[in-house]
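Enquirer: Each chain, letter by letter, is given below.
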Amino acid sequence: MRPRAGLDGRVLARLAEIVGPEHVLVGNSATLVYECDGFTLERQAPAAAVLPGSAAEVAQVVRVLHAAGIPFVPRGAGTSLSGTTIPPHDAVIISLARMNRILHLDFRNRRAVVEPGVVNAWISREAAPRGYLYAPDPSSQAACTIGGNVGTNAGGPHTLKYGVTVNHILGVELVLPDGQVVELGGPVEDLPGYDLVGLVTGSEGTLGIVTKIVVRLVREPEGCRTLLAVFDSVDDATRTVSGIIEQGIIPAALEMMDNLVIQAVEEAFGFGFPLDAAAVLIIEVDGLEVGLDEQAEACAAICRANRARELRTAATEEERRLLWMSRKKAFGALGRLAPSYVTQDGVVPRTRLPEMLALTAEIGRKYGLRIANVFHAGDGNIHPILLYDERNPDEVRRVIQASDEILSACIDMGGSITGEHGVGIEKVSHMRRMFSEADLAAMLDVRAVFNPRGLCNPGKIFPSPGGCVEVQRPRRPAPA
Amino acid sequence: MAGGKAAQTVPQAAIPMDQLLRCVHCGLCTSACPTYLELGNEADSPRGRLYLMRAVAEGRLEWTADVVGHLDLCLECRACETACPAGVPYGQLLEAARADIARTYRRPWRERLLLALLRDMLFPYPGRLAAALRPVRSLRGALKRLAGLLPGDVRRMLALLPPGAPSACPPLPSVIPAQGLRRYRVALLTGCVAQVLFPEVNWATARVLAANGCEVVVPARQGCCGALHLHSGAREAARAFARRNVAAFDLDDVDAVITNAAGCGSTLKEYGHLLQDDAAASQAARFAGKVRDVAEFLAGIGIVPPAQPVHRVVAYHDACHLAHGQGIRSEPRQLLRAIPGLRLVELPGADHCCGSAGLYNILQPAMAARLLEKKIAAIASTGADTVATGNPGCLMQIAKGLRERGLAVDVRHPVELLAEAYGFSRAGDLSTGDDSSTRGARAGA
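Protein chains in written order, with this note's numbering: chain A, 5 to 484; chain B, 7 to 451.
Just so you know, these hints were derived from the structure itself, not from any lab.
Remember, predicted model here, so these are calculated numbers, not experimental data.
Every residue, glycine too, gets a C-beta built ideally from N, C-alpha and C.
Some hints could be false.
Said to hold, decoys possible - Looking from chain B toward chain A, a few residues come up when the C-beta cut is under 7 Å (computed): (1) C32; (2) G54; (3) D72; (4) V73; (5) Y131.
Said to hold, decoys possible - The calculated label-pair distances, taken between Cβ atoms and stated as ranges, are: (6) A:E301 <-> B:E410: 57 to 63 Å; (7) A:H108 <-> B:G355: 18 to 24 Å; (8) B:R191 <-> A:H108: 57 to 63 Å; (9) A:L203 <-> B:G355: 35 to 41 Å; (10) A:E46 <-> B:G65: 18 to 24 Å.
Could you build all of it, start to finish, from the sequences and the hints given here?
Expert: The following block contains the structure:
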């Protein structure tokens, strides 16, 4: 029950004074649950977890840890798919879960001020009666928090048209890694000076801890049409995606699910997906009522030209809701097919989607793994989901190798190793393949301005300086 | 801060590992969990609790006071099961873990005493409960003055008791004939606590069923459903109650077994699982297949349109074990909407637990009070004059919250409102007994 080295009784007592003793968690049984997030290939329990209740408490906690030289890691709902919140063994988790209040909804100025622990979907839920919503809608939006969304610059199905998190954050209050509190951005669009809000968004907690966020509210579209197109080949589905984008149509969302995913979500939600389909596309167009039918028909024509065997339109709002829930909860539904999975998050140019998917299937065969695909096709943002059993060390090794090959292929095709989940701890070793040493040095220089001692979320995004190619970096095996 | 006592070792197979492994740690359950939303501690979330169970099953942790505390704090509202895309049978896993705790972990004497008194000796037996309540009710005034001297647990139980005299409904007869043409023959489960505290709900259920062409039989040998036992780790006792009920109902004779208590219904529907390795397994599965909540059954057969206007503004609260346990959400609302004159308003967070949760509001009073406060605030925000909900625990808990806040809002089971709409007034028509008091703040505590 004794805290680990670095975090002595004196520091713990100070933390307890700040947040209250019941909000300082130490000891094996209390910290064990913080040893991983949505990414479970690596696990490490923190030395302690602290649950502050206000921005002032966060700042005080950070000051104490900074003074004691103890690293710390911010955590929201712990839904990260790249291990962004996995701590080094001597670190303290700063959980923002208690800071979950929507502070202000300002419809006349179309913005909301929220605490970082507010769940993404809550903002739209509260704004809906007035006809507004918060646009970025990551698949985990029913549970993931805005603080984490800022950290990873989260995307989602509807970002194809509406943009990602950074396009919807007007300002943040940030506790710097030394405990100073700064306000970046604000209600005014396009402030003079550097775009520090843009810098912080997607920084994965390496520049400080966001304690207040001003988000943009957008008007709900007047209408929408949601199509489900069923295909007998994945190739036809991906060609349809390229076709729609080529025609200059920007759907609100353009999503693909392959057969494995269809099987899982159908078992979970019973929407009525055809179980023998190779792939389905969910295509949504929205905007002013006038012209929507024409847009939907244009998409449908492209589907038919690419041999879609069936086209359905969501007839009711309830049907549309169930269709989207099936899509958004698809990751978790795959838990019905295997004990564990790892979700990859590569990006390729849209025109190379058919090639990338074929390659993914080949990699699956090569390593003897089942790989499911559910992704934001319109963005070229793929999510191959590698199914495995964490009790089988050989399979775990193959999953890591296959993931690595998939991400390398994304880089080779001119894409990226992450579209929205962030680099986290998982893809650190790929950064050197994407960026030159000079690129990385420039980014590390920026980090050093905010986080000179590297105490705030260490070990994330960047390979440790001087470390050589870490492609086959040994990973701690998951406990059997 | 954490601290813990040594605990005993746990047999490896106590919690089914294959079911635990269905959890892929996605975290989508966290925002559905009332205790996580209150405390923000991962160990008080469904994902965290599953992680703890697995750690114990794998020998990484033992059942210490800390670990048991996180599982005790779970309401078993099963909102996480609604949220879970992977289909983790959380309720069953929690019940297995609690049974394991009951076998291997020694609880403090106060908890053991409360469980022995309430769960094992009193609540399952309507006769004993009624006998115990008679002096309490007549001495209520005196007890209230003595409140300061009573132990907290006793005070909390007294606060839950509906005010006024118990309704003077006589026991249900063994058969209530259908009105008009008989369309169905159904058996009614009368419950244990509910039968004593809310006999008028059973009468309303029987009357409404009869008004819809159902002959209602009330099997004499039935007993407690065992939910309280199952949820608190007394698995063997729960199985004994299940066996008794399976034997008490003549399944060939009825189209359905009807319950008006969400908590009972959800347990009755799981009898097949509970007795899967028992001699009565196939009968239990058949029994479970015939169980219907009264709202589910009525919506399924299509009700005779009620004619009597009921001028109320009603907020419907989803009992956890109806919405999350049985997936019954639209049916009760549909029935309420069929009542002329009644205006149904949306209750924000309607399917969030009210904190009642079986024995929870007695064993975990602090968390129960926090959840109740939220529920009452949500009710107040709707402007409704009536709350409708299909579970006796919720009826008691919400009525208590409203009384304490001094809000004049009536609390009713949906079938009571339907009974009103069919012209059975709250008075004599229900049971041809005399008037009974109302449960909301109106009666004054």
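Enquirer: Hints first: check each against the structure and report whether it holds.
Expert: A quick look at each hint next to the structure:
1. C32: Since the shortest Cβ distance to chain A is 4 Å, the answer is holds.
2. G54: Because about 4 Å separates G54 of chain B from the closest Cβ in chain A, which is inside the 7 Å limit, the hint holds.
3. D72: Where the cut-off is 7 Å and the nearest Cβ of chain A is about 5 Å from D72 of chain B, the hint holds.
4. V73: holds, 5 Å
5. Y131: The hint is violated - Y131 of chain B has no Cβ within 7 Å of chain A, the shortest such distance being about 38 Å.
6. A:E301 <-> B:E410: 57 to 63 Å: holds, 59 Å
7. A:H108 <-> B:G355: 18 to 24 Å: Taking Cβ atoms as reference, H108 of chain A and G355 of chain B lie about 20 Å apart, which means the hint holds.
8. B:R191 <-> A:H108: 57 to 63 Å: holds, 59 Å
9. A:L203 <-> B:G355: 35 to 41 Å: holds, 37 Å
10. A:E46 <-> B:G65: 18 to 24 Å: holds, 21 Å
Comparing the model with each earlier hint shows a violation of hint 5 alone; every other hint is respected.
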